[in-house]
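J.: Sequence:
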Amino acid sequence: MSMSTTAHSSTESKERRLKRYLRDRAEDGEMYFKGKFIADDVGMSPKEIGAMMVKLSDSVNDLEIEKWSYTSATTWRVAPA
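Read in full-length UniProt numbering, the sequence shown has 35 at position 35, and its numbers run on one by one without any break.
You may find that some hints are simply not true.
[Claimed, not checked] In silico DSS-like pairs for lysine-lysine, Cα to Cα no more than 25 angstroms straight-line:
hint : residue 1 : residue 2
1    : Lys47     : Lys19
2    : Lys14     : Lys67
3    : Lys55     : Lys19
Please keep in mind that the hints were generated in silico from the structure rather than gathered at the bench.
With the sequences and hints as input, model every part of the structure.
T.: What follows is the structure, encoded as structure tokens:
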């Protein structure tokens with residue numbers, strides 16, 4: 001496997017993990033979180049989560065994802081669409 005293929009697979013795996021986590025947590029209604037508080041749960045850094053959330057907000061149709069506020073770190077709002 002080439003280096004770029006490995007990096008691509010890793011990114012896809014992280015994206016799937018984060019989507020699954022968000023869907024599970026938002027199943028009963030909206031949730032608010034900061035990346036630094038879920039980083040261990042999804043095995044990603046807060047910076048990776050922030051970058052992935054921007055991407056997911058444009059590409060995931062079954063969740064509403066929005067930057068909700070910023071106080072020392074971005075707070076994200078996620079709810080079922």
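J.: State for each hint whether it applies.
T.: Going through the hints against the structure:
A threshold of 25 angstroms between alpha carbons decides the hint, and for Lys47 with Lys19 the separation of about 16 angstroms falls inside it, so the pair holds. Between Lys14 and Lys67, the direct Cα distance comes to roughly 20 angstroms. Compliance with the 25 angstroms bound is thereby established for this hinted pair. A hinted pair counts as satisfied when its Cα atoms are at most 25 angstroms apart, and Lys55 with Lys19 qualifies at roughly 11 angstroms.
Consistency with the previously given hints is maintained throughout, with no hint failing.
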